[in-house]
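A.B. asks: Chains as they are written, first to last, in my numbering: chain A, 1 to 168; chain B, 1001 to 1637; chain C, 2001 to 2363; chain D, 3001 to 3105.
All the given hints hold, so there is nothing to weed out.
In silico lysine-lysine, DSBU-like type, Cα no more than 30 Å apart, as pairs:
#	chain 1	residue 1	chain 2	residue 2
1	C	Lys2159	A	Lys83
2	B	Lys1475	B	Lys1117
3	D	Lys3099	A	Lys166
4	C	Lys2099	A	Lys83
5	C	Lys2159	D	Lys3099
6	B	Lys1026	A	Lys165
7	A	Lys165	D	Lys3099
8	B	Lys1434	B	Lys1558
9	D	Lys3099	A	Lys86
10	A	Lys83	C	Lys2096
11	B	Lys1026	A	Lys166
12	B	Lys1608	D	Lys3099
If the Cβ cut is set under 10 Å, some of the chain B residues that face chain A in the computed set are:
#	residue
13	Pro1616
14	Gly1619
15	Met1620
16	Val1623
17	Ile1627
18	Leu1631
19	Ser1634
None of these hints come from the bench; they were simulated from the model.
Just so you know, even glycine gets a beta-carbon here, dropped at the ideal spot from N, CA and C.
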Amino acid sequence: MALNVLMFYLLSAVIVICSVLTITTTRILRAAFYLLCVLVATAGYYFMVNYQFMAGVQLVLYAGGIVVLIIFSILLTSHISHKFAKPEAMRLVMGILVGLSGFALSTIAILKFTFTPSNAPAMKVDMQAIGTQLLGTGKNGYALPFEVISILLLAAMIGAIIIAKKGK
Amino acid sequence: MNYSLTILILLIPFATFLFNGLVGMKFKPIVSGLIGTIGLGVITLLAYLTAWQYFFVDGMVGGSFPKVIAMSMEWLRLTDALRIQIGILLDPISVMMLVVITTVSFMVHIYSLGYMKGEKGFERFFSFLSLFSFSMLGLVIATNIFQMYIFWELVGVSSFLLIGFYYSKDSAVAASKKAFIVTRFADLGFLIGILLLSYFTQTFDFKVLTGTDQSIFAQTAGVSFLGMSVMTWAALLIFMGGAGKSAMFPLHIWLPDAMEGPTPVSALIHAATMVVAGVFLVARMFPVFYFQAPDALTVISYVGGFTSLFAAAIACTQYDIKRVLAFSTLSQIGYMMLALGVSGYGGHEGVGYMASMFHLFNHAMFKALLFLGAGSIIHAVHSNVMQDMGGLRKYLPITHITFLIACLTIAGVPFLSAFFSKDEILVAAYEHNKLLFAVEFLVAGLTAFYMFRLYFNIFWGKETHYHHTPHESPKTMTIPLMILALGSVFAGYIPFSKLVTSDSMPFESHMDFGIAIPSVLIGLTGILIAWILYKKESKIPERISKSLGGFYQAVYHKFYIDEVYMFITKKIIFNCIARPVAWFDRHIVDGTMNGIGWITVTSSRNIKGMQSGNLPQYGMVFVLSAIILVLIFSFLI
Amino acid sequence: MPFNIYDFSGTTKAIDQFLYAKMPPTWAFITELAIVGLIILLFYAVIGLYLVYLERKVCAFMQNRVGPNRVGKWGLFQTIADLIKLLMKELITIRKADKLLFNIAPFIVIIASFMAIAAIPFAKGLHAVDFNIGVFYMMAVSSIGVIGILLAGWSSNSKYSLIGAMRSGAQVVSYELSVGLALLSVVIFSGSMQLSTIIESQANGWWIFKGHIPAIISFVIFLIASTAEINRGPFDLAEAESELTAGFHTEYSGIRFAFFFLGEYMNMFIVASLAATVFLGGWMPLHIGNLQGFNHVMDFIPPIFWYFGKTIFIMYLIMWFKWTFPRLRIDQLLTLEWKYLLPINLVNILIISFIVLMGWYIK
Amino acid sequence: MLQGIPITHVLIVSSFMFFTGVCGFIIRRNMITILMSIELILNAVNINLVVFNKYLFPDQLQGHFFALFVVGIAAAEASVAIALIINIYRRLNSISVDKVNEMKY
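Please put together the full structure from these sequences, using the hints given.
C.D. replies: Structural data, given as structure tokens:
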């Protein structure tokens, strides 16, 4: 077996196991830790498809940013001795039912459809390409979404500060 | 041919604006003052270098001064043909304006170091001054009409900020709002004009618009509206913007009130630079006006002529020294507009254009001097009103001399700068329109009269007792006065007809003694009358004004133009249009909305139980229904 | 096997070819991984131990003492003795701690710094991986280390640890911005994030000299912010001994404690070598423009010495900070970042972009 | 990754991750855990975007950029959500979704 195939199944196993653990563990910080594992493994996927910038973003923003934020909020709101109570049976059953049926459905759809991988020469994803496309205005230019995202982030930042600010 | 440093002329004032505005208050006030002044000094030097390079080193190409694009980059692309550039255009008038603006602005900066000392918001003042300089410079070097419009609005904003500098004073706030609203209203016309022009010509670029290729106007042929061709409309609308900034007759009402701002601001903005933006605009677009819309030029000449007469008449009756100067500014700008309006294109035909630019240049010098001198007087007396002054020549020697020089200059006394330019304007007017010539001739006399009325009232006249002895202003204020006095004496000897002309080709201009001698005589007559009436304190002026009665009152109240505006807006627009609209809005529009709201409220009150607020449940229902829908669509249908 | 102290690419290539000739490609690759891993591991341990020694010596000299001088000549083996002691100590686990996270936390810190080391170019042709996003990769990987600290603080079930972890987290997350932006300035100058390209671009002068004043400003900001990011004095309030006993690693003992300790020193090494690489040319000798003679003389000193010289110089600076300045309060710390460093940095970036746009720098 | 790994396998892994997220969203009551489930969902979508890009349109970068923007939005969403959670915790001393029914009706 080629090494990259092995690597892929290793990462997939981490993703599958850790994402299940994320939602089943009874300690909240462990959930965050498992989530971290899932996200890092996803970054591994991106490294494997040679989208290194995407992988870097995944690590910085997801693993280094969002997970840290989540852990922070856990540190502020929960105590170590606290464990989740068991969910009600109805909810548990419904949740698992929805999850499984959805997974089954999408798997069937994926397996039935024949994907035709393209043989076009792969684009070189270096910083130059990303930069020019991200700020380009012509075809394959993403200046508008980029600006919209900037505005959104600004709005989110102000909103978060206002919401989390202590009252007078 | 290298003008790469000209970009700094824009960037330095912007940088000082940012610095003073953002972190200026962290330092001592004098720091921001010095930074602003030094920055301006540097760009003044750069502007002189650019002018030297442009006129004397690179000089003419093929008999005329070329339009040099020193820098250009694309800012917005609307279509492939219509794109907006940001750049630097150098041609005789923009280079001349660079020199004028930087010089006056530099003087005002130095002067403000003394005048504004100890004021609250010193660094704010300097940051606004820098912003103004930045936007004004950007305006004159604009490569296209859209860039000009952007900076045009920036100029408006900075003028608004500076007029309302003493924002704790109600009158200043009102004046700034008035200035902003009136010029904004005019700019609306300007914008429509730009859109009209660019819609038909498919370009914003000055180089193309004013170039020799007239085929771009082909599409406008035959398009007309209300009996006027579309180009006339566009030109008139563009002129409306210029008239708003330059305070031409129906839109002049903001300028006198704008004197609420600090005096250096009045000198910089409302005398020397911003108000000539309108003149500059018409000059910039002159070929378009001349070839495509000669009717608009006629309108311009009449508006200019009327404004100059009208403002000169009002100036004779005012007592607030800054207002007298403001009206004199109006009158002088009227002169420039008129000169543009009667000008032809090319060679000696274009003498009006040249004279207008020449007068603009001289006017900037002596009017800035007058305002700064007035500031120096106000600084000494702590009052704006003529009645509080008198016999000041003993106390303020330097101010006195420089003020006298400025008054002589504006009165058109021979061999001072304005004599030459005014003579050229009169020549141009005489050649094209005798009526306007007569008006201008009269205005020349009036100008001399009211300026010397002002001068004698302040420096001679009755002996006033002051609470404390007035004293001469500090060096930072008197030095700019002296420099500007030199400028207003000697600026007239610049061979303008060799440098700045309508088609950029030099021509010979001559003194026309047939016109120069009478105009000097009428100027001297005006001075003489003022000397008789105001040299000593006397009762004659009062008697004269009594005898004129109603007319005097009308003039004193500026022909009730402000009141007319108030009447139109308050009585007619508010009552006849706004009231019904408000009623419609309140009852019909709001009523519909309220009705919809009522229906929503009652219906939602009945179904609100479905909203449990339980997020996971929502999610579950959402995903489950999605799954069911997918099942239905993929397997059943 | 060619061996050239000036250029290691020949050596590494020879090893690579040798392995692929002897084994099937998969195994060759795995062997290579193992070799590189082992080398880095060894290097890690040695550097870590001697950094501790260096720190103690520097501290001692700053305080006019002698420092460790008993074990070996000049106390050179003191830290090795310490390591042996730490290895033999009992691993205490708190009774109500979250055992899984408690055990994993030190490894996260170590792994993060380990991954970062992989991208450092030590000399020409001597680096494990050369991503085209090298600088960004280093930032990304080192941003994971803080999670280890947070987990350690929370899972110890101790209020000192929790407060220390919170402080540390807030500090690292905020100072990461400044570090990133400071690095961005050189990325703008050199037009690449690849560390090898950045080094090549400094062949006629280091960025700190070529980039005018803005580059110097970024360098200073980078030094300050990265000192804060690695939780060292004067920004070491996360482990302030006097108030929090030892912050997030209060409850750790033995080798787990040593991991945190080692991780911290390695982070310092990483930061210092990043600064050396990005601002001071990494292994690139001191070159001045086209002064051929001078450049040749400088080329005579092997790149690896240049690299270590610069890194040690910067580490010395960072140690100097620690033993010179008093510790900041948490509010001062955050004020410094959000009100001073970040705005200065943003304006600086703007100026740099403008300079680069106008081409006003030495290419 | 391309050789030897069929695209369907990647997609199955990501869809598994997606529905795990959905399942967690439904059965958990702690708001932070719900947030983590949402991150799982977003991440699964991201994998799909990137993989489709790489397998089906390697000469373009649309999926890559889309994923990039999703990450940006996820960051914004997480920051606002956590601000809300902390505020709710401050007022109600609990972060269970069942307790947050003050704004009901």
